[in-house]
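Fit chain X to the supplied structure of chain F, relying on the hints for placement.
Taken in sequence, the protein lines are chains F and X.
Take 1 as the starting number for the first sequence in full-length UniProt numbering and just add one per residue.
Take 1 as the starting number for the second sequence in full-length UniProt numbering and just add one per residue.
Calculated from the structure, these hints are not laboratory results.
Don't take each hint at face value.
Claimed, not checked - Partner residues aside, some chain F positions facing chain X, computed with beta carbon under 8 Å:
id, residue
1, 13
2, 32
3, 65
4, 66
5, 173
6, 202
7, 210
8, 230
9, 232
Ideal Cβ placement from N, Cα and C applies to all residues, glycine included.
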Amino acid sequence: MTDRRPHPRAAGAPMLAAEDLAKHFDVSRPLLQRVLAGEARRTLKAVDGVSFDIPKGTTLSLVGESGCGKSTVARLVVGLYRPSRGRVLFDGMDLETARSDAAQRRRMQMIFQDPYASLNPRWRVRDIIAEPVRAFGLVEGGAAQRERVAELLMQVGLSPLDGEKYPHEFSGGQRQRISIARALSSNPEFLVCDEPTSALDVSVQAQILNLMKDLQARLGLTYLFISHNLAVVRQVSDRIGVMYLGRLVELAPAETLFIAPRHPYTRALMEAIPDLEMTGRQRIPVGGEVPSPINPPSGCPFHPRCPLANARCKAEMPALLPPRGQPDTIVACHAVEEERDGVVPGTTVPPLPAAATGV
Amino acid sequence: MAAPILSTPSHSRDGGPILEVRNLRVEFPTRRGVLTALDDVSFDIAPGEVLGVVGESGAGKSMTGAAIIGLLEPPGRIAGGQILLNGRRIDNLPYEQMRRIRGKEIGAIFQDPLTTLNPLYTVGRQLTETMQTHLDISDREARQRAIGWLEMVGIPAAAQRVDSYPHEFSGGMRQRVVIALALCAEPKLIVADEPTTALDVSIQAQIIALLKRLAREKGTAMMLVTHDMGVIAETADRVAVMYAGCIAEIGPVREVVKAPKHPYSEGLMASIPPLDRKVDHLAGIEGAMPRLSAIPKGCAFNTRCPHVFDRCRHERPELLETGTTLATCWLYDPASEKQVPELLKDD
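Here chain F stands alone, though its shape is the one from the complex (with noise of 0.2 Å):
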């Protein structure tokens, strides 16, 4: 497989950056109902000042529960979403820099979840593959696209044949391999992949995931991956930033957070998670549900749900800092800067202590 990207660059430099990146929605009832209620605005901060970056070749992964803001900080960074604040850097560039020039706009892509809805179904897969190598004008002449359209196809494990069928012919997961060619058509260098395999079944699911880690390793990838699911996220990615409530609250290597989890909120979905191991152990649920993102908390937004709350975590925001011993980590959590979470630096983390609100 030839590599058609045409500047390789220096590696080292983030390919992408996020800077205190903020996304606020408007969920004000109408004018006339909001005056005759006495009510004031409300904003929902689906992302509120979320910092990372993504080296070139990496992958980083958001994780975190329904409503914690991961998919919109994904749409944020493909430039879906216009940001309330903060800012995008794509290889050194302004998102909206980059996104008003084509040269740019090509280098990054997405895939979706469903694979269902995100496919046209009137139009053969070879046009489908083919609209962003027509769109962004990569390769002129018929026979020089069609020749295009069957080098990805095979590039993702299907037929050069595939493209004369239509979407509705294919099962789930080659769907998501038509996806993916043509994320890829455009010779993006950047792709954001939101649960592209959660409606997938687990065999399929793992094709999938095999299939877009032999990528990366060919093409030399960056990756932003969107899931809920842990061990996914572990088989995949280089960094995880685990989510809550539009905040950052732990971003680790990956190995590192799977090891030394010190957020309670991570350590708690660790425990969580049903696994195969069946050791027979007593699982301790973490008690309650995700907030209302309208009406947050005070101070830290887990300390209504954890274990380790004191009158610090309800008043004050904690900002992410490294703990001691794990200078790759950060940490937003009074509890864990103050040293009282009871995990010592170099030892296996013990479980949380049983939440006070139980199940």
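Showing chain X alone in chain F's frame:
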């Protein structure tokens, strides 16, 4: 070990299993001929036992649940076999009679709590109505019990919340209400179809713990349908792995998860990304499950099976004894010419 793996010997002898499914066959007549959605499905569930039913989409796991509760989508129909509840046949009952059994003797929990609850009635009214339909109790008694059930499923301030409408509850709380609704007439069998799939992990863990506790305490038999092997491993006593409308393997949960004997179960387990380590390459299974209209001759898995041999392509396998489980795989027929591969042997 002989036949009793289909049921659990320890539980089932005192009074027998609550649910017996015998050679169940479900068909869908279509313009292009009759499709067989379930083919020769058999299992038992004992009191207090949780049977997990797993498989990928289209394997027939939800269809099995729907057939048991008598809610097959037309034109689907039971074309063969029997379903017995406490020894009494329920697969051939008229609609009205079956309606009375649903709720009273069989409770159902579905994936989406919003569509199960009536948005126009308070949760209290839905609970009392269900109880009074099936149990002979006064209004006052029903309300007391409704509050009791809400407390039991872990809804805080139940005495106030009983007068709330479904939209006033969060997703996790709604699913708790649905569980209370399924349990309140004290059914002997619960069919739970993906009860935690729409929920986040931290809520999922709470709901699983709750279901497991209630099944044990009340001696209720539970059929837990899910695609999530982790949930099964934590909750079920036994597990049935389904593929293309058949049971591929059935046995104690530990055996099926840790040492699967059917090549499909083996592939399924190997596909699950492990949480405790990073692997370079996930095993996966080549290809995809066949459509109902294109199930291959012989063993339905033969086109994807790494251990396929000649007999698999011609002859439909029966449930065979593997030593720890039962599997529909010719590898376990001593008369087959092929040996059981090392991969599938006991550790």
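Verification of the hints:
1. 13: Violated, because the Cβ-Cβ distance from residue 13 of chain F to chain X comes to roughly 26 Å (cut-off 8 Å).
2. 32: Interface hint status for residue 32 of chain F: violated (23 Å vs cutoff 8 Å).
3. 65: The hint holds - residue 65 of chain F has a Cβ within 8 Å of chain X, the shortest such distance being about 4 Å.
4. 66: With a closest approach of 6 Å, the residue 66 of chain F hint holds.
5. 173: holds (6 Å)
6. 202: holds (5 Å)
7. 210: holds (6 Å)
8. 230: holds (6 Å)
9. 232: holds (5 Å)
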